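Chemist: Next come the chains, spelled out residue by residue.
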Amino acid sequence: MKKIDIVKNRFVFIVPSFVFHFLFYLLPIILMIILAFFSWDLLNSPSFVGLENFKGLIQDKWFWNSIVVTLKYTFFTLPIVFVTSLILGLLLQEENRFSKVMRIFFYWPYMIPMVAGGTMWKWLLSRDFGLVNHILNQLGFNPVSWLENPTLALLSVVIVQAWVLSGFMMMLYIVGLQAVPEEFYEAASIDGASNFQKFWFITLPLLRNTHISVITLTIANCFRNFTIAYIMTTGGPGYATTVAPLYIYQKAFTDFRIGYSSAGSIVILLISLVIAYVVSKVQERDLEGGKI
Amino acid sequence: MRKVIVIILAILFMIPIFWTVSSSLKSMNEIYRYPPTIFPQEISLEGYKNVIYESQFPRYVANTLFVAIVSTIITVFISVSLGYGLAKGTFKYKNFFLEMVTITLFITAQVIMVPLFVVIKQLGLIDSLWGLIIPAVFTPTASFTAYQYMKDLPNEFLESAQVDGANEWQIFFKIVLPMSRPLIAAISIFSFTWRWNDFVLPLIVINSGDKFTIQLALSALQGQYGIPWNEILAFSVLAIIPTLIIFLLFQNLFMKGLSAGGLKY
Numbered sequence: 001m002k003k004i005d006i007v008k009n010r011f012v013f014i015v016p017s018f019v020f021h022f023l024f025y026l027l028p029i030i031l032m033i034i035l036a037f038f039s040w041d042l043l044n045s046p047s048f049v050g051l052e053n054f055k056g057l058i059q060d061k062w063f064w065n066s067i068v069v070t071l072k073y074t075f076f077t078l079p080i081v082f083v084t085s086l087i088l089g090l091l092l093q094e095e096n097r098f099s100k101v102m103r104i105f106f107y108w109p110y111m112i113p114m115v116a117g118g119t120m121w122k123w124l125l126s127r128d129f130g131l132v133n134h135i136l137n138q139l140g141f142n143p144v145s146w147l148e149n150p151t152l153a154l155l156s157v158v159i160v161q162a163w164v165l166s167g168f169m170m171m172l173y174i175v176g177l178q179a180v181p182e183e184f185y186e187a188a189s190i191d192g193a194s195n196f197q198k199f200w201f202i203t204l205p206l207l208r209n210t211h212i213s214v215i216t217l218t219i220a221n222c223f224r225n226f227t228i229a230y231i232m233t234t235g236g237p238g239y240a241t242t243v244a245p246l247y248i249y250q251k252a253f254t255d256f257r258i259g260y261s262s263a264g265s266i267v268i269l270l271i272s273l274v275i276a277y278v279v280s281k282v283q284e285r286d287l288e289g290g291k292i
Numbered sequence: 001m002r003k004v005i006v007i008i009l010a011i012l013f014m015i016p017i018f019w020t021v022s023s024s025l026k027s028m029n030e031i032y033r034y035p036p037t038i039f040p041q042e043i044s045l046e047g048y049k050n051v052i053y054e055s056q057f058p059r060y061v062a063n064t065l066f067v068a069i070v071s072t073i074i075t076v077f078i079s080v081s082l083g084y085g086l087a088k089g090t091f092k093y094k095n096f097f098l099e100m101v102t103i104t105l106f107i108t109a110q111v112i113m114v115p116l117f118v119v120i121k122q123l124g125l126i127d128s129l130w131g132l133i134i135p136a137v138f139t140p141t142a143s144f145t146a147y148q149y150m151k152d153l154p155n156e157f158l159e160s161a162q163v164d165g166a167n168e169w170q171i172f173f174k175i176v177l178p179m180s181r182p183l184i185a186a187i188s189i190f191s192f193t194w195r196w197n198d199f200v201l202p203l204i205v206i207n208s209g210d211k212f213t214i215q216l217a218l219s220a221l222q223g224q225y226g227i228p229w230n231e232i233l234a235f236s237v238l239a240i241i242p243t244l245i246i247f248l249l250f251q252n253l254f255m256k257g258l259s260a261g262g263l264k265y
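Protein sequences, first through last, are from chains A and B. Under the working numbering, the first sequence is numbered contiguously, ending at residue 292. Under the working numbering, the second sequence is numbered contiguously, ending at residue 265.
Worth flagging that the hints you see were computed from the coordinates, not collected in a lab. One thing to keep in mind: the hints can contain errors.
To be verified - Below are the SDA-like pairs computed for lysine to any residue, each with C-alpha atoms no more than 20 angstroms apart in a straight line: (1) B:Lys211 - A:Phe82; (2) B:Lys121 - A:Ile29; (3) B:Lys94 - A:Ser47; (4) B:Lys151 - A:Val12; (5) B:Lys3 - A:Thr84; (6) B:Lys3 - A:Gln93; (7) A:Lys72 - A:Thr216; (8) B:Lys121 - A:Ile215; (9) B:Lys88 - B:Met14; (10) B:Lys3 - A:Val15; (11) B:Lys88 - A:Asn9; (12) B:Lys92 - A:Val15; (13) B:Lys94 - A:Leu26; (14) B:Lys3 - A:Thr254; (15) B:Lys121 - A:Leu31; (16) B:Lys121 - A:Lys100; (17) B:Lys121 - A:Glu182; (18) A:Lys100 - B:Lys94; (19) B:Lys151 - B:Lys211; (20) A:Lys100 - B:Phe157; (21) A:Lys100 - B:Met14; (22) B:Lys94 - A:Thr84; (23) B:Lys94 - A:Lys198; (24) B:Lys151 - A:Val15; (25) A:Lys198 - A:Thr216; (26) B:Lys121 - A:Val15; (27) B:Lys88 - B:Leu244; (28) B:Lys3 - A:Met102; (29) B:Lys174 - A:Met102.
Because the structure is a prediction, the values reported are computed rather than measured.
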């Protein structure tokens, strides 16, 4: 009978999943914290170095540079994704054939493997053979080295990230917009509100939860992304597009400084958790305030 | 007016893909011509032929398919089972386990890739396709979606089965699984695309060329000298075709998943 009891509380059903969860999420995090206090090149046995790695990180200007690049990258991507996806959501919120077909074109970039997406853009922005420079040339401008100039390279990576995310966030806006009750608009019309007033005073505030989801998910995506930069610029020129995960990758797998890299991962993980925490607090405050 | 704006925006969004497809169909001479031709003057399949016949392309496809299919099957099974256990279970610390799943939504392989690599190495899975499958089967998104789906599954079915004398396993396999068809479909499709598109894990796990996945091979191709762009672009087009097919076939499911809120992450 005992055996059936174990099954009865259904704990057994979560076991397989948590075995993998433990091995590939929890254990790496524990290991990351331990390794951060060691020096290890993967070949020789690790040696304990105390806080040496963290001290090194504090003085490592390229590490801080990679954090700044990630923050800049997020900071520039966010408004573009926010505005583009909101506009697309407003334009395509209706459930008709046209909207349904057009949504595909905006959502598809999100489905494309980022390696392929990055490759496509690399070709599009290529200095000598790229379509973008060709169009600029036709308009009378000089060709631009998109991926060789530090500022433009970061901008290029931002544009690609926005291209990937906007369609996905658009879908969240469509879902959010469809949930706004029609009565609000009717009441506003009776009061003589203009379309812009309706948008500004009804639509935007009622979409608060969607805004928060879009902002959180965009930040999360920017923080975890390294494929676009890896493919398009390999972090360059110099360190201009070396986002934090890319720097950590290079330290571990090019320089074989596993401990150092782990210490860096901890810093990045903490920063992303702080951001996630702040956003979730904002969300909670809104719920308490009774706002939708 | 609205339609015109939408169409213009859609064209802008599609330019990179159009330009890739168009260029991939050009001959070597034409692809490096300046000013570039917008449409290929003469359709050439040279790039595609070289990729398919001269590289290990069939091998990469087989590797990627193997990884994507096997990990999807395991993901579906463990996620549905987890969702059921979390939603309908009565064990201690249930909320703690649920919290653990939620927290992992914010932690991704990119941030923990170094210690993840160490774990995979210790398990002896480096340079093995299993090293791409096993570490990837637990996905927070699939787990969370499964939990949300199971929460809405009516208890009456489970209870009446219990009254009829069915044991837990029978309930799970004969009632819960068949009732979870939409969930299973959603997890399968998402999981397959994630694994097909994955790059970080293959990058840190795989060394030998004969174990490359599509994405890894495409990335490696760009590091080599003397590889013509029409091959790289043909490769890119081939790499995105499955995602296009899946997306077009299951568009409604993607939309439904989003409106249910479950597949947001």
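Chemist: Going through the earlier hints one by one, which of them does the structure break, listed in rising order?
Modeler: Checked against the structure, the hints that fail are numbers 1, 3, 8, 9, 10, 14, 16, 17, 18, 19, 20, 22, 23, 25, 26, 27, 29, while the rest are satisfied.
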